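K.L.:
Residues 1 to 286 (our numbering) make up the sequence shown, in order.
Don't take each hint at face value.
Here are the in silico distance ranges between beta carbons for each label pair [claimed, not checked]: (1) Tyr101 / Arg39: 17 to 25 Å; (2) Cys205 / Glu104: 37 to 45 Å; (3) Glu73 / Asp272: 39 to 47 Å; (4) Arg69 / Ser232: 39 to 47 Å; (5) Glu95 / Tyr150: 20 to 28 Å; (6) Gly255 / Asp186: 36 to 44 Å; (7) Gln213 / Ala185: 23 to 31 Å; (8) Gly49 / Asn169: 30 to 38 Å; (9) Ala193 / Glu104: 43 to 51 Å; (10) His120 / Ala239: 16 to 24 Å; (11) Lys58 / Arg274: 24 to 32 Å; (12) Ser72 / Tyr244: 32 to 40 Å; (13) His225 / Asn169: 34 to 42 Å.
These aren't lab readings, by the way, just hints derived from the structure by calculation. All values derive from a computational prediction rather than experimental measurement. Ideal Cβ positions, reconstructed from N, Cα and C, are used throughout, including at glycine.
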Amino acid sequence: MTKEQVYKSAGLTRQGYFKLLQLAEQWHLKEQAALEQVRKFRIHQTRSGARVMHQLLKIESMGINKFERLVSENQLGAKIKSKYIRTTQGTHEEEDQNLLYGFELTGINQVFVGDITYFHAENNKVFYIFTLKDAYSKFIVGLDGFENMYAQNALTVLEQLIACRGKENLKGAIHHTDGGGQYRADIYKERLAKCEMIRSISMNCLENGIAEQLNFIIKDHQLSHYKITTVSSLKQALAKVKHYLNYIRPVKGLGYRTPYEYEQWIAPMKIDERPKQTLYDFSKDK
């Protein structure tokens with residue numbers, strides 16, 4: 001069979017055949033260029049998902065679904081390690097209430113969620129990370145690392161929140177955490193009262209999922225490529241992570257905007273024009 005007969009049997013002309021070869025080669029080069037970007041990115045960011053990478057690397061040569069398949073087929077997906085250590089033996093008092101059941105968020109400074117998690121340093125030391133973030137924009141308003149879980153450390157991170165948002169903007173805001181003793185300490189509750197913030201307590205870890213999600217991102221996505229052996233090196237790394245998560249990393253739930261970009265985007269909008277976020281109503285499960 002001649003080449004012309006082969007082309008004809010495939011429904012192609014000689015020109016069409018070579019055009020397909022050319023397109024295939026061009027696509028192969030695009031794939032290789034994208035993979036090279038991903039491999040370089042993975043040197044420092046081993047835990048970011050494909051969709052986040054697509055945004056950060058500004059991959060314009062292919063759509064997000066094709067990019068996701070390409071990353072998966074080449075074993076360049078996120079490396080996730082699962083390990084859990086309980087950091088807080090939460091207790092509950094009669095006055096405790098979860099005020100977030102079915103709560104509708106319409107802007108920043110309405111709800112702040114906080115938590116404490118552990119971190120294993122390279123020299124087998126264990127440090128503790130305290131977090132506070134705005135539930136609506138996901139903007140981290142408080143983040144720090146310590147050698148223990150004392151209430152004073154929780155207060156230090158609360159002061160970061162107050163400095164970030166301004167005391168005058170916190171009146172009536174809900175402060176939501178688990179039932180840890182750090183958040184029940186008199187010095188902590190008194191500071192919340194002075195800011196006229198309202199305490200909300202989760203009844204279990206699921207009810208504080210927004211805060212615990214941040215723990216996962218910080219530890220398993222961000223800190224894994226830092227050499228941390230002291231609390232000082234942890235603090236330095238957390239400062240970089242905080243900047244990255246607030247100003248550089250896009251968030252799917254925010255329309256692939258960073259938390260900072262999202263806050264800037266909604267700022268000129270009237271309340272009824274802003275995207276609404278309704279929190280899950282766990283009371284329905286009881």
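K.L.:
Compare the structure with each hint and give your call.
P.N.:
Outcome of the hint check:
| no. | hint | verdict |
| --- | --- | --- |
| 1 | Tyr101 / Arg39: 17 to 25 Å | 45 Å, violated |
| 2 | Cys205 / Glu104: 37 to 45 Å | 23 Å, violated |
| 3 | Glu73 / Asp272: 39 to 47 Å | 45 Å, holds |
| 4 | Arg69 / Ser232: 39 to 47 Å | 42 Å, holds |
| 5 | Glu95 / Tyr150: 20 to 28 Å | 23 Å, holds |
| 6 | Gly255 / Asp186: 36 to 44 Å | 42 Å, holds |
| 7 | Gln213 / Ala185: 23 to 31 Å | 25 Å, holds |
| 8 | Gly49 / Asn169: 30 to 38 Å | 33 Å, holds |
| 9 | Ala193 / Glu104: 43 to 51 Å | 25 Å, violated |
| 10 | His120 / Ala239: 16 to 24 Å | 20 Å, holds |
| 11 | Lys58 / Arg274: 24 to 32 Å | 27 Å, holds |
| 12 | Ser72 / Tyr244: 32 to 40 Å | 24 Å, violated |
| 13 | His225 / Asn169: 34 to 42 Å | 35 Å, holds |
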